[in-house]
Each structure stands twice: as C-alpha cells, then as structure tokens.
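**Student:** Protein sequence lines, in the order shown, are assigned to chains A and B.
55 is the number that numbering that gives the first Met the number 0 gives to position 56 of the first sequence; each next residue is one higher, with no gaps.
276 is the number that numbering that gives the first Met the number 0 gives to position 277 of the second sequence; each next residue is one higher, with no gaps.
Keep in mind that a hint or two might mislead.
To be verified - Straight-line alpha carbon distances no greater than 27 Å define the calculated DSSO-like cross-link-like pairs of lysine-lysine that follow:
#1 B:K75 x B:K253
#2 B:K253 x B:K306
#3 B:K253 x A:K42
#4 B:K228 x B:K306
#5 B:K73 x B:K306
#6 B:K228 x A:K142
#7 A:K42 x A:K75
#8 A:K42 x B:K73
#9 B:K253 x B:K228
Keep in mind the hints are simulated off the structure, nothing from the lab.
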Amino acid sequence: MIAIVLLVVVALLAFWIIASYNRLVSMRNQVLNGWRQIDVQLKRRHDLIPNLVNSVRGAMDFERDTLTAVMDARAKALTATGPADAAQKEGQLTQALGRLIAVAESYPTLKSNENVRALMEELTGTENKVGFARQFYNDIATKYNTAQQVFPTNLFAAALGFKAAELFEVTDTAEREVPTVDLSRR
Amino acid sequence: MTAFVLFLLFIGAGFDTVYIGQAGGSVPVGSLLALGVGSASAFASYYGGDRAVLLATHAASLDELAPAASDADKLKLQQLRNVVDEMAIAAGIPPPRVYVVPDPDPNAFATGRGPGRSSIAVTRGLLDALDREELQGVVAHEMSHIRNLDVRLMTIVAALVGAAALLSEWARRGMMSGGGASSSSRRSGRDRDGGRGGAAALIFVVIWSIAILVAPLVVQALAMMVSRKREYLADASGAELTRNPLGLARALEKIESAVAPTASIDRGSAHLCITDPLGRRVNLREGFWSDLFASHPPMPARIAALKEMAFQGRTA
Numbered sequence: 000m001i002a003i004v005l006l007v008v009v010a011l012l013a014f015w016i017i018a019s020y021n022r023l024v025s026m027r028n029q030v031l032n033g034w035r036q037i038d039v040q041l042k043r044r045h046d047l048i049p050n051l052v053n054s055v056r057g058a059m060d061f062e063r064d065t066l067t068a069v070m071d072a073r074a075k076a077l078t079a080t081g082p083a084d085a086a087q088k089e090g091q092l093t094q095a096l097g098r099l100i101a102v103a104e105s106y107p108t109l110k111s112n113e114n115v116r117a118l119m120e121e122l123t124g125t126e127n128k129v130g131f132a133r134q135f136y137n138d139i140a141t142k143y144n145t146a147q148q149v150f151p152t153n154l155f156a157a158a159l160g161f162k163a164a165e166l167f168e169v170t171d172t173a174e175r176e177v178p179t180v181d182l183s184r185r
Numbered sequence: 000m001t002a003f004v005l006f007l008l009f010i011g012a013g014f015d016t017v018y019i020g021q022a023g024g025s026v027p028v029g030s031l032l033a034l035g036v037g038s039a040s041a042f043a044s045y046y047g048g049d050r051a052v053l054l055a056t057h058a059a060s061l062d063e064l065a066p067a068a069s070d071a072d073k074l075k076l077q078q079l080r081n082v083v084d085e086m087a088i089a090a091g092i093p094p095p096r097v098y099v100v101p102d103p104d105p106n107a108f109a110t111g112r113g114p115g116r117s118s119i120a121v122t123r124g125l126l127d128a129l130d131r132e133e134l135q136g137v138v139a140h141e142m143s144h145i146r147n148l149d150v151r152l153m154t155i156v157a158a159l160v161g162a163a164a165l166l167s168e169w170a171r172r173g174m175m176s177g178g179g180a181s182s183s184s185r186r187s188g189r190d191r192d193g194g195r196g197g198a199a200a201l202i203f204v205v206i207w208s209i210a211i212l213v214a215p216l217v218v219q220a221l222a223m224m225v226s227r228k229r230e231y232l233a234d235a236s237g238a239e240l241t242r243n244p245l246g247l248a249r250a251l252e253k254i255e256s257a258v259a260p261t262a263s264i265d266r267g268s269a270h271l272c273i274t275d276p277l278g279r280r281v282n283l284r285e286g287f288w289s290d291l292f293a294s295h296p297p298m299p300a301r302i303a304a305l306k307e308m309a310f311q312g313r314t315a
C-alpha cells in the first residue's frame, strides 16, 4: 500500500518536472525569437535611413549637422559588436533620429511636403517598431526569468541549464536622464 | 462562462428527463442534439465568418486600396499599416490582414480564428477622426481581441446560446402540444422513487419550466456578460501593448461623441467592435438593464478605467 502511494507521488513529481521543463524550453525559445525580432527591426532602420536622409537633404539643407549626425550614428551602429555595444550605439542613433523628427516638425514648409511627411511616418513607424520589439522582448524575458526563479522551480531550473535572460536596457546615460525643461524667460 | 455552462446543463438535464426520459434511457439525446446543431452553426461561422463579415461590410483590403489612393490618403493608409505592424510586434503575433470599411462612423473590429489567421478592419470615419496615437490605441484593443482568442471564445458562446434557444423552443412546443409526455414522465418518476423523490422531481420540473421560459433572455444576458468582460480585458491589454492608456481613452471619447450607428456592421459582429455598432442607448448608460443586455461596458466607465491606469502609471 505504502509502496503504491510512494510510486504515485514519484510519478506525479516526475510529470510535474517534465511539464515545467517543457514550459521553460518553450519560453526560452520565445525569448530568443523576441531578441531576433529586435535585430530585424534594427536592420530595417539601418536600411531606411540613407533613403530618408537623401530625400530630405534638399528640403533640409540648412540642417546639415542634424543629417550628418544621423548618418554618423548609423555608420557606428552598423559596426557594433555584441548586445551591450549595440544597445549603446543604437541608443545614439535613436537620439539622432529623434532630433531629426523634432527639427522636421518645427518647419511648416517641411511638414506640408507630402514626401517628407511620408518619410517621417515611415521613420516614426520604424522607431516605434524598434521600441515595441524591445518592450516585447523585455516582457517575455521577465516572464521567463520569473518562471525560473519562483519556488519550487528554482530548485532545479539552474541544474537543467536554464539561465536568466538579460533584459534590454538603456545603457546610454544621456538617454536615461530626464530632459530638463527650462520655462523661465530670459 | 461557468455560470453559462451550468445553466445550459440544467436546462438540458430537465429537457431530457421530462421529454426523453423513458425513451432515451440514460443518454441525454435532446441536449446533445441541441448542442450539436448549435455547434454546427457556430463552427460554420467560425470558419467562414471572417470572410462573411468582411464581405457584408464591403471592407476593402489595404493592399488593394493603397496603390489607387491619393497622396494624402496614401499617408493615412501607410500610417494604419505601420500602426498595425507595430502592435503585432508588441503583441508578439504575426501581423493580421488590414481592411478599411467605407463607413463614415468611427468604429473598428477584429475577426478571424486567432493569431496568424485574423483580420483587423477600421472604418474610414475612424481613420479620418483619430490621430496616430489614438489609432494605435484602437488597433491595440483589436490586437488584444485576436491575441486573447476572443473570436474563438465568442464563437463557443454563440454555440451555447444557439443550443439553449433550441432546447427552449423545443420544450415550449412540447408543452403546448403534448402535456401528456411530461405528466407521464412525472408519474414514472414517482413510481420509481416513491413519494419524496416524486415531490422533488415535481419541484424540479416546476423550476425547470420557468427556466425554460426565460432561457433565451438568460443566455443572452450571460453572453453579453462574457462579451463585456472581454471588452474591459481588451482595453487593459491594449494599454499594456501601447503603454499609453490615454491614447485609447482619447480615441474612445472621440468615438463616443459620434453616436450614430455604424450602418455597415450588423448585430452578429457587434461583440468584436471597439464600440457597439448599433449605437444602442443601453451601452451608454449604467444600471441594471444595461448591465444585463449591453454587449459593451458603458463608455464613461471604460474611459475612466483607462485614465486610472494612466494615473497609476505616472505615480509608479
């Protein structure tokens, strides 16, 4: 009788471990996929930028510095190696693009130009896609990490070779700082 | 949902004991038959429903519209395409097909069978009325319907509603034509169980007869309850996708101010829309009756819930 009870308990335990293991594997794959999705979007952004800069160059000749900054940041981002480096250089590119969008929006003539507007929409879309791909990656990675760290899964997750996924963080300190807004009139 | 199934079980059990009790033995023939017919019609709509809805609303695919559009229009359509792609990325599902319904009333709906086989349609009025952030909020809401498998859920609910309506219809006809069937079954019940069991069976039959009469109303109310819950859920998980509850809140305010019914969307797909396309007054009011029969929660409550989310996000 006791043997049967023991057997049932052991069988249930084995089933539970198998189920947890499979769940963790499927989550790990989702995390990997989420990471690749960020790469896909970053690549899209790199491909889009030369077109964008060329088509607004005529209209925005007076903002040569802003355009150069974008091209430089893109060139740097293309040479990035490893996630940490990529995160920093992509962060700078994001900033440069943000400036470009802000500049374009402050010129009414540019805003009314149909071509520029279409490109701005494309750029906003791409920036959002990069952002949402990161957001999705971080969400799914957090779920994966939590699943590993909760009791009692934490007892064997590490032994089965599961590691905590790294979150995509803003590493550029300038990007993290809250922008200071000075409203006093001088 | 649980209440739903329990209610249906009760109706079905009563039907089978009263009408088919002696003939069918222990197999619940009536319930199974009703459930079968209900499911068949529901699953026909599950597999062909998306095409039927898109056809009925004269929705045009974005791929067809884009080449022929004017410059300003092209920009709007490209924006819609981008916003849908963004939200698909945020939700981690393949981008759905995108349609535009030629209707001046702002509304939007999702249809299909789940991630990878779904469509999102927005009306022309929605495109014209909303800015990018608001459009993103609405698309995120519809994307959540797809990701949460609400289309599948509402199909199952529709099957249950259909089964309950059938049972109720059959039972009422039975009551009108052959009271003998039910009295004989009551007699046989008394023979089998003796006095006390017979009394219990009689009470059961009385309660059940009342239940049968109100069944169509009750299942409708339960179905609407499920629908309203999924609307709140889609609002909340939509805000989770955009991290911007105020975008959707502002969109809902704009949609609400245009209360005219969306003529091209019929009752059958109402639960998939962002707002009730019929422009029914019940959806705007709070209170007992609207709580029972509205497919969508009251707009002010939805907007308030979203604003609350935004407020909490700021303090956190």
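**Student:** Indicate, hint by hint, whether the structure satisfies it.
**Tutor:** Tested hints:
| no. | hint | in the structure |
| --- | --- | --- |
| 1 | B:K75 x B:K253 | holds (18 Å) |
| 2 | B:K253 x B:K306 | holds (15 Å) |
| 3 | B:K253 x A:K42 | violated (37 Å) |
| 4 | B:K228 x B:K306 | holds (18 Å) |
| 5 | B:K73 x B:K306 | violated (32 Å) |
| 6 | B:K228 x A:K142 | holds (24 Å) |
| 7 | A:K42 x A:K75 | holds (13 Å) |
| 8 | A:K42 x B:K73 | holds (25 Å) |
| 9 | B:K253 x B:K228 | holds (22 Å) |
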